[in-house]
Each structure stands twice: as structure tokens, then as C-alpha cells.
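Trainee: Spelled out from the first residue to the last, the chains are:
There are 2 protein chains.
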Amino acid sequence: MFESAELGHKVAKEVWDREVPALREALLDAQYDLTEAKFPVIILIAGVDGSGKSETVNTLNEWMDPRHIQTFGLDEPSDEERERPHMWRYWRMLPPKGRMGIFDGSWYTWPILERAYGRIKTSDLDQDMARVARFEQMLIHEGALVLKFWMHLSKDVQKKRLKGLEKDPKTAWRVTPRDWKHFEMYDTFRQVAERALRATSTGDAPWIVVEGTDPRYQKLTVGKILLERMRARLDQPAPVAPIAPANPPRTSIDGMNILRALDLTKRMDKKEYEDALLTFQGRLNLLARHRNLRKHSIVLVFEGVDAAGKGGSIRRITQSLDARRYHIHPTAAPTEDERAQPYLWRFWRNLPRKGKVAIFDRSWYGRVLVERVEGYCSEADWQRAYSEINDFEDQIVRSRSILLKFWLSISPEEQLRRFEERQVTPFKRFKITEEDWRNREKWPAYEAAICDMLDRTSTEIAPWTLVESESKYFGRIKILRTLVQRLEDEL
Amino acid sequence: MFESAELGHKVAKEVWDREVPALREALLDAQYDLTEAKFPVIILIAGVDGSGKSETVNTLNEWMDPRHIQTFGLDEPSDEERERPHMWRYWRMLPPKGRMGIFDGSWYTWPILERAYGRIKTSDLDQDMARVARFEQMLIHEGALVLKFWMHLSKDVQKKRLKGLEKDPKTAWRVTPRDWKHFEMYDTFRQVAERALRATSTGDAPWIVVEGTDPRYQKLTVGKILLERMRARLDQPAPVAPIAPANPPRTSIDGMNILRALDLTKRMDKKEYEDALLTFQGRLNLLARHRNLRKHSIVLVFEGVDAAGKGGSIRRITQSLDARRYHIHPTAAPTEDERAQPYLWRFWRNLPRKGKVAIFDRSWYGRVLVERVEGYCSEADWQRAYSEINDFEDQIVRSRSILLKFWLSISPEEQLRRFEERQVTPFKRFKITEEDWRNREKWPAYEAAICDMLDRTSTEIAPWTLVESESKYFGRIKILRTLVQRLEDEL
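Heads up: the protein sequence lines correspond to chains A and B, in order.
Numbering (my numbering) for the first sequence: 1 to 491.
Numbering (my numbering) for the second sequence: 1 to 491.
To be clear, the hints were calculated from the coordinates, so they are not data collected in a lab.
From a predicted model like this one, the values you see are computed outputs, not experimental measurements.
One or more hints might be untrue.
Stated by the list, open to error - Here are the simulated PhoX-like pairs of lysine-lysine, each with C-alpha atoms no more than 25 Å apart in a straight line:
1. K270(B) - K13(A)
2. K13(B) - K271(A)
3. K295(A) - K170(B)
4. K170(A) - K170(B)
5. K13(B) - K270(B)
6. K159(A) - K10(A)
7. K13(B) - K170(A)
8. K170(A) - K224(B)
9. K295(B) - K13(B)
10. K354(A) - K13(B)
11. K13(A) - K271(B)
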């Protein structure tokens, strides 16, 4: 993998002097076109120590307009970052459409280091890299141009380089004891890096290994590849968005599905409800101040058709919580900043810290429900969303978040009854809009989408709780009981 | 101040039962109208311990649609918050236009606590409160409806309340040893709170003291006042934005001003420049890895007319910095999310953590430059901006940030020369737009705005460095030298 980056590639000064002005001009043009384009450029600069990564990043900033480049380096994660899934910090840094983000250090840095130091196993590295590959695939599907450069130095050259840097007072500071330690681990790093690169070199985001021996060669190579890839992408005719027609509801032969199989006749009378409410709210109260909660965060997802009782159920929970602990995130149409990012970005953004509760009133499942049914995204988009969502939830759970997902189910008849009730109850009237009536007409399409969603995203680590909400009392108590029991198990 | 909140105000259950449904309906209507309106509602719930603050917050969430309410409580600040000016965390929480933010704990919490504990002096409290009053004034000018509720309990009632909470197993958890400690400090707290409230009860954002003895009285009072204030604001005819006409340039009698007084003939030859560049970049290199830098953050502001050399000067600095340490923030037109917030919000958002450098290529000064001259905001808006900016910078400096502001000055003739040069140099062509030519025609108006800006925002704690940039070499070196000397002084 690294052999052709150990050949001693060089670029003569005359070539550099001749080629750089034209390259700069072309890069600036491309960058200028990018600001009008609808995709971000994500550049990873990785590689061995002392291989000129920062210098290359600086040069790119110099050649292009730095106002449209965001450069990130990796420090120790902050406490806000440590208390969330590992990838949270990178989601924070993603450049929006029309911008370029350069990562000097990236989602590869820690897995490779951890493996080289023997703190994780090869199988862990493989799992991490599989996740990374899926993450990058998602970025590409969302439109990003992803360029991954691996700066390579042979062992000999790295040694010379480190010594050279050390000798020059202007650069000596850049060589730390850690660099020498890593140099001693050269072979291990090479082996681990090769494994990581192999697992993540995909057709859409291949690794580009660049020899770092000669800075002119290195920078010119990176610049030219960047230009070529940007130009190719910019000059592509804009893809005609293949928006799916409202897809026909698929029902099974016997008309049975997981929603219809629910027993919506389950009811609870007022007295029983009030007793249960008091009991479970009391228990939730106690749980909410359990000391172990500080080690976890809680993510609650509420989905259901209009008028299924999401808001009322959420309020029965928040009544037992300290207002300082929870945050409700209603999911409405995305804002301009959100539209400039992958669709999961706004949910990543709102993941809670340890000790906090995030309640999503509708959620990332909009992608496979309303966006699918209304044709707001292409079929390819919502089809891939299932596994992207599973990955997302996997990361939430792995960060020791407690994740619960509730599907609130009512019959079309009950929905109609509630709609009509809302229209006559003045302080509920605001809850019902023309759109609600329109959505109602698409019940079969929604039903199909819901069944697909439940089938494909009810996983062992993040199962759906189906809630028979035809009786509000029954539904609310089932949700409270499920939450309380889950917390009692976890804490 | 608190006397009328010790009268034992009460609301009978019948009154409550009769009034709440109508109030809820009206609040929901108001809240619904708010989503279409162009202002945020900021509600502070403060007051003595055990006075039902959280319960009131919960009730407001219950009465209204929680999807349009953001509720915040105060934890210990995170490291990302601690490493920035004190108010940063509140800026993060500000609700956008059309939304309601409820603060259970706010910018009053810490100053009052610190003073009550004797950790700061009365004069410090007064200063803090003066700053808070100016901050709230700014929010109001930016359109926010600010409602500040102080929940009061007499000493006797507080004692009974704490004991009552303790007795009930459902609420006992809410009473901590800290609450009892604070109870012993009741008189001190009362005195400090009264001082704080007096200093910040302004015509636009008066404190509303609410007796917390009877929850029905308390909640109904808060709900009714909230409704009344929201309704009054919503029913106001939209103010006709009094946009200033491009204001006539004001020149002093003798035609002399601070810009014209600059000696733009200062030059530097290439050899001298290259030597100086090497020297100062080397020193900057060393400084950038000074261990004391970890205790500071650095904020650099670059302003100047088009083609004054901001980008080139920034690049001469970033060349000596580790790419992982700095971030350039170009200031373009605000995004949708940014437009829904006070104009300083997007700059607050980008303040750096300790050890980091934030470089603003154009900045918050746009308010008093382009926005003033082009009439993008009213005269009242840009007039008040000077002191808002001074406050902002005061907070930056007080958080141990090192702040430098550079004004790059060139003559109109030199600008013309550079524009023409840009048009013939292919890779610079993207830098020049129709707008640049249009702006150029307004030179006198800009000159007046610049002089006002320099006069009013060059403060002892955050002085402007005027840079004679007619000669790019001279300008760049002056900037580097100023930065290096400042860092040498501070570190």
C-alpha cells in the first residue's frame, strides 16, 4: 500500500515555480464555484508524524481563499465531547454545503493510535473502520466530496525528517518525545495504518497515499488531486433528483401487519390511571435523582401519527423531572443551516450530555416516514436511512446513553374523533391544521412506511416500544412503566 | 421591594378552576401567534429556594405547547463554557425569534450567590448588575420580550415550605443541605437580591416579584402577566423600520480626521520586509507554543476597506501558527439561524477556547460600517452598537482573552490600483466583485463611519491598531510586530 510512496518522488523548483501559479488560479476558480454549489468538500490529512501534514494544510489555506475553508485539528476532547458518542465532535465540525473542511487529524486518529498502543484489539479496529466506512458512505450519499490523503514517509526518511526538524530552531518545537516514541513504533503504526486504510478505501472515498519526502512533490500532488476531484464534481451536470412518487402501500397477502396486530381495545379506567400515574411518576422522580444517572444520558424518541398523544405522554414524563434536566426537541422543518448538512446533523447536535434527558417529539425517523411518503427525499435516500439510523442509535447506546423509542398507535377512527374534538376545544384548536387532514388521507401509505420502519429499525440494542394509545390512559401508563422499568434495570 | 409579596396572596380553588382553562387557551393562542412573529420571549424565573420556581416552569410547559418552549437550568459550567467569557453560556441558550426560552436560573444566579457568600464585593455585584442591565437592554433593542419573575417567600413561609417538602417523600429529594444553609442566610440573600433587582429593574424589563406562598396564586399570576405582556406585544402594529438614509459624511471643519492623519507614505523595501517577516514569524512561532498560552485565548479582528490587505496579513500570521490552533471566521451575510438572533450572537458563538486563536476577517464592526452606510439597520441600531460592542469586548478581555483589533488603511487611489491589478491577475480575479466597485463610490460615507467607529471603540482595554497599509510590506510587518510584542508582554 505504501510502496509507491517510498520511491523518493520529487518535484524540481522550476516545475514548482511554473505549475503553482496556474494551479492556484484553477483552485481558486474551483473554490469560487464551490460556494455556489450544493455540496461540501471534506479533506482528511492523515499520515505519519513529521510528514508535512500541517505544512500541507497551511499551503492549501494559502493557495485558496481561507474564508471558505474551515481547518480543524484534534485536541483532547472537551467534557462536552467526552460525554457524547465518539463521533459527536466530528459532526460538530462538518462543513456545510459550499464550504471546504480540512481535518488535520480525524476519525481515524484515535482508532489507529489505540490499536498501535495495544489498547484495543484488531477486531475492535476492524469494527471501528467498518463504522467509519459507513459514516463516509453516508457523507457521500448526502452529497459530500470526501478526499482522504495519507502522508507517508519511509522509516529512514522519517528519522532524517525528525532530526532535521529538531536541528532547526524554527521547527524544533514540533518534535516531541512522543514523536520519537512513535518513530520507534514505526512498524506497528505502518501495519495498523495499512489495515485501517484497506478497510476504508472505497470507490467513492479511496485513500490517496502521498509521499511526504519532498514538500514540493507532496503539496503539488495534493493540490492537483484536489483540483481534479473538485473540478470533476463541479462540472458534472446537477443530478436530476429522482424523487420517489408517493409509493403504493404494500400490504401483506392476509392484510395483517404489525400495527394491525396491536390490540387497540386495551383500556384503563380513570381511577386505575390516576393510581398508576402517581406510582410511576413517583418512581420516576426517585430514579431521576439516582446518582448513577450522572454516568448516563437519556434519549427518548416519540413517534406516532397526528393526535396519537405524543405531547400528552411527554408531559406526563416531564412532570416528574426537574426542568433543569430535560430538553424537548420538537422536529419541524429543518432550518437553512440544517439543510446545509446531512439530515442526521440536527439530531447529532441535540444529543444530551451525561445526566441529561433529551426528548425528541418526532425525530430522525421523519426521513423514513413523512419524507418518504410525501416524496421530500428520493427512494434511495430513505432506503439507506434505515441502516444510517441503526448506526446512529448504535453509537448513542455505545456511549452509555439510555435510548427508548415509542411508537404511539391509534386507529384511523380514533384519530378522526380526536381531530374533531380538537376543533371544538378552543385551547386545542391550534394543534390541528390543514396538513393534519391531508396527512390523514394518506393513511395507507403511512401505514406501510411505519411497518417498514418498525421492521428495519427495531434492533436488539434499540427496540421500539409499541404503545396501544387508543386509550390515552393506557398508552401513557405503558410509556411511563416502560421507562421506569428500563431505568430501574440500568441504574 | 418584597413587602407586597409577603401578604399571603391566595387564589381559591374555584377561581383557579374557572380561570385556568381560559388562560390556557389565550396563552396557546398567543404562543401560536408568536411562532409567526419576529421576536423571542425570554422568561427568567428566579427567587428564593423552595419558592416553586421549577413547578411554575413545569406548569408553563404544561399550559403551553412545549414544542415551542426551550427550558434551561443551570448546572456547573462545562469546560467549554468555563474557557470563555461568563455570558457565553447564556448566549448559547438564547431562544431564536418566534420561540420562548425559560431560564430556571440565569445570569443573576452566580453574582447573587457569590455576593451572598461574600466571595465578591458589593461593588463587584453592582458592576455585574450594570453589565446585566446593558445586556438585557440589548436584548430588548434586538426585539426580545424579556420577563423577569422573582419568586418570593417570607422567612417564615420559606421555613415551613422546606419542612413541608422534606416531609413528603415525593418532594423530599428536592431539599438539600444547601437549601437549609441558604435558609440560614435568608437575610443576607434578601439584601443582596434586593440590591440586584433594584439595579436591573428597568422600564423595559422590570422585575415582577411574585409571592410563592400559594402555588395557585403564583402560577396564575405568572401566567396572566405572561399573557398580558405577550398579547400587548403581539397586537402592537409592526414597527415601521426607520432605516437611516445613507447618512451624509461628516467632516471636521479643517477636513482632518484620524484616517487622513495617518502617514500612508510609510514604506518598506522587499529586503527589509523579508528579514522582518522571518524574524517576527520566528518569534510568533515560539510564542504560539508558549505554555502560558494555554491560559489565554486570542481574538484577532481585521477590518479595512476592500483590498486593504486583510487576507494577506492574516496569512502572514497563520503561516507561523499550527493549523490546529487557529480558526478564521469570515464574516459574510448572516444565515437564517443567525438572523433569528441578536447581531452579536454569531460572534459570541465563535469565541475561542483557551489556547486557541480566532481570527475574524471582518467582524462585529460590520454593524457600524457596512450596515450603517448601506442602511441595513436603523440609525438607532448602529448608534447603540458602539457601547454593545465595547461591552462585548470588555467581556472578552475579562475572560483573559488577548484581543487585538487592526484597522488596515489605504488611500482611495491605492484601492483603485489594487482593484485594477486584481482584475488582470487571474487567480485574484475572484476577489473583486461589482459590489466592491459600488462600495468604492461611497468612500466618504465609509470614511465618516470608520472615524466614528475608531473614536468610539478604541478603548483602553481594546484599542485599535491603525495600520498604514498603503505599502503591503509595511502593513504586514506592523501587524506582526504588534501581535508579537503584545504576546510577549502578556505571556
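Trainee: Tell me the hint numbers this structure goes against, listed in increasing order.
Mentor: 4, 5, 7, 8, 9, 10
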